[in-house]
Amino acid sequence: MLHTQSSGIGVSDECVAKFEELRLGKVLKYIILEVAPNLQEIIVGKTSQDADYDKFLEDLPENECKWAIYDFAFEVDGGGKRNKIVLISWVPDDAKVKQKMIYASSKEALKRKLQSGAIAAEVQGTDYSEVAYEIGMFWTSIASSLHALTTEIIAVLSKVAKA
Amino acid sequence: MAVYGGDEVNAIVLDMGTYSTRVGYAGEDMPKVNMPATYGSVLDQDSGNFKHYVGDEGVNVYRPKMRLSNPMREGMIYEWNAVEDVLDYAFNDRLRCDTADHPILFTEPPWNNKHNREKLAQILFEKYNVPATFVVNNAVCASFAAGKGTALVIDVGQDISSVTPVVDGYALTKSIQRQPIGMSLLTNTAYMTLTTPTPERPDAIELHSHQLIASKKPMGYNAKPVYTLRQDRLANADQSWRNQMARRVVEDWLEVCGGVLETTFTPEEADKKGTKFYEFPTGYQAIFKGSERLQPAEIFFNTSALNRIRAYGPPPIAENYPSQGRMIPLQEAVPLQHLVAHALEVQDIDVRSSLMQNMVLTGGGSLLPGFQERLLFELQNLTRNKNYKFHIPTTKHERRFGPWIGGSILGSLGTFHQLWVSREEWRNSALISWLRDVNEGGWGICCRVCNVML
Numbered sequence: 001m002l003h004t005q006s007s008g009i010g011v012s013d014e015c016v017a018k019f020e021e022l023r024l025g026k027v028l029k030y031i032i033l034e035v036a037p038n039l040q041e042i043i044v045g046k047t048s049q050d051a052d053y054d055k056f057l058e059d060l061p062e063n064e065c066k067w068a069i070y071d072f073a074f075e076v077d078g079g080g081k082r083n084k085i086v087l088i089s090w091v092p093d094d095a096k097v098k099q100k101m102i103y104a105s106s107k108e109a110l111k112r113k114l115q116s117g118a119i120a121a122e123v124q125g126t127d128y129s130e131v132a133y134e135i136g137m138f139w140t141s142i143a144s145s146l147h148a149l150t151t152e153i154i155a156v157l158s159k160v161a162k163a
Numbered sequence: 001m002a003v004y005g006g007d008e009v010n011a012i013v014l015d016m017g018t019y020s021t022r023v024g025y026a027g028e029d030m031p032k033v034n035m036p037a038t039y040g041s042v043l044d045q046d047s048g049n050f051k052h053y054v055g056d057e058g059v060n061v062y063r064p065k066m067r068l069s070n071p072m073r074e075g076m077i078y079e080w081n082a083v084e085d086v087l088d089y090a091f092n093d094r095l096r097c098d099t100a101d102h103p104i105l106f107t108e109p110p111w112n113n114k115h116n117r118e119k120l121a122q123i124l125f126e127k128y129n130v131p132a133t134f135v136v137n138n139a140v141c142a143s144f145a146a147g148k149g150t151a152l153v154i155d156v157g158q159d160i161s162s163v164t165p166v167v168d169g170y171a172l173t174k175s176i177q178r179q180p181i182g183m184s185l186l187t188n189t190a191y192m193t194l195t196t197p198t199p200e201r202p203d204a205i206e207l208h209s210h211q212l213i214a215s216k217k218p219m220g221y222n223a224k225p226v227y228t229l230r231q232d233r234l235a236n237a238d239q240s241w242r243n244q245m246a247r248r249v250v251e252d253w254l255e256v257c258g259g260v261l262e263t264t265f266t267p268e269e270a271d272k273k274g275t276k277f278y279e280f281p282t283g284y285q286a287i288f289k290g291s292e293r294l295q296p297a298e299i300f301f302n303t304s305a306l307n308r309i310r311a312y313g314p315p316p317i318a319e320n321y322p323s324q325g326r327m328i329p330l331q332e333a334v335p336l337q338h339l340v341a342h343a344l345e346v347q348d349i350d351v352r353s354s355l356m357q358n359m360v361l362t363g364g365g366s367l368l369p370g371f372q373e374r375l376l377f378e379l380q381n382l383t384r385n386k387n388y389k390f391h392i393p394t395t396k397h398e399r400r401f402g403p404w405i406g407g408s409i410l411g412s413l414g415t416f417h418q419l420w421v422s423r424e425e426w427r428n429s430a431l432i433s434w435l436r437d438v439n440e441g442g443w444g445i446c447c448r449v450c451n452v453m454l
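So the sequence lines, in the order shown, correspond to chains A and B. At position 30 of the first sequence the residue is numbered 30 (my numbering), and the sequence of numbers has no breaks. At position 352 of the second sequence the residue is numbered 352 (my numbering), and the sequence of numbers has no breaks.
Treat the hints with caution; some may be incorrect.
Claimed, not checked - Here are the simulated lysine-lysine pairs, DSS-like style, with alpha carbons at most 30 angstroms apart:
#: 1; chain 1: B; residue 1: Lys65; chain 2: A; residue 2: Lys55
#: 2; chain 1: B; residue 1: Lys386; chain 2: A; residue 2: Lys96
#: 3; chain 1: B; residue 1: Lys32; chain 2: A; residue 2: Lys98
No lab work stands behind these hints, which were simulated from the structure alone.
Please put together the full structure from these sequences, using the hints given.
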């Protein structure tokens, strides 16, 4: 067992329960998680069933850190719906250093407590352009077809090698 | 289980670098003590022992025959008895605290070796009687302080430029890229620039420090300075002290005039960045053109500038205990953008794109105006890829004291106390290695005997 490299902040059972509800219930659209004001554990800030992505963005404050678990739904080429769960670390540039530090150092604990295999992708967001709907979709599509990314990066690499 | 840190017992955060040592209480915004890493030693004729002087008032003050040395090389400690003097001074004279009451969190560079880490912990426990310690990795601290669990940390420090990938809170020590191109080499280069005569300045600039100057006359700009030196001091000052003080003058000049051109360097383009005025301690006043001011920093980005200074670099260090990862020798050093590109190249493809999006620039070099823009420019040119994004602390003190601030926040968290390695734990495990095997990477210490496999 590796020693936990973290702030030591715990994860409340409510987080796990809500995550399971989102994962299995297919009703919740997203969950906002945050560190409790007493800095002891991670709690659920909000849950929502609203599929409007702009509404979701409104729940990410401009100068405060949050985590969000968002359930992206999309259709695959052959028809048929798929869902991928994305963990978004919302750490805006304007947030206080202390908050950034706490959120960054507690994320591993959160991932470990949640069933992280169910999280298809992670996004680190510092401004709204980085958490745009397309980005989330981009990551989910990568998760479903890593192949496309592989070819893209190999192309980049061969350019590097030439240069 | 004993509780340390938290609100009631203040932890001390210790961040030792090659340029300066930062010490202060966890939870505060700034370190209480920021002092030079160097120390002075004077031979006491009666006892035959060397007396050590540390701190600003120890090093920067003239003393006959005082020799300056630096116990740190490349962010790692090399002279242990001198470091003890530095710590004594910081704890007893500056913080004025009893270390037996304060757990100490110290930082280390990602390439630190196990021997060094154990030795510092041993000194803290045995000499300073600290109740508990913890060690955090510089690069991970910088990445966390930017709010990133995954980031590519580019640290332009005093001795070394390094690129460390941090993934999910672990520094990947095997793929650290580092080379001895740092602020100290920049100072050497600027020193050469200033002391080399140019057509506009036929006389080389005299870089005497203010401690050596007895009197000077106010002169017009670019006029030959008229000043007298303190001959008594000149005769007795040690050459190492004089060199160091002259370097301080150059460092100050760099702070005022230095910088980096945002695009490929040409003298014409650099001249457009405007002139800056500087007065040297001798009273010599000069106006520096853009091309003069920005030329020295080209060593970070330009192969031909790098070739010119290869001879001025420090000699390689004979290491008793090898540090982690490979150090690229000066003779094979490459521009910084190549270092970054290479560090990215050796990563798994699934983390590469998130590292590109999350680059954290830290260390003294990040304070040079234009540094980040130039690195981005060169990287985009080199790799024909625009998908890079830097995350840099906005305020200057956050860049200067980045790792210290990171440690300060961690050490002040109430929930962090469960992670400290206490005296008892250390004593119980002193025979077996209590520190986690460095090969595992990661930023923490520590084999806690109880819950980590050994």
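Evaluated hints:
no.: 1; hint: Lys65(B) / Lys55(A); result: violated (71 angstroms)
no.: 2; hint: Lys386(B) / Lys96(A); result: holds (28 angstroms)
no.: 3; hint: Lys32(B) / Lys98(A); result: holds (18 angstroms)
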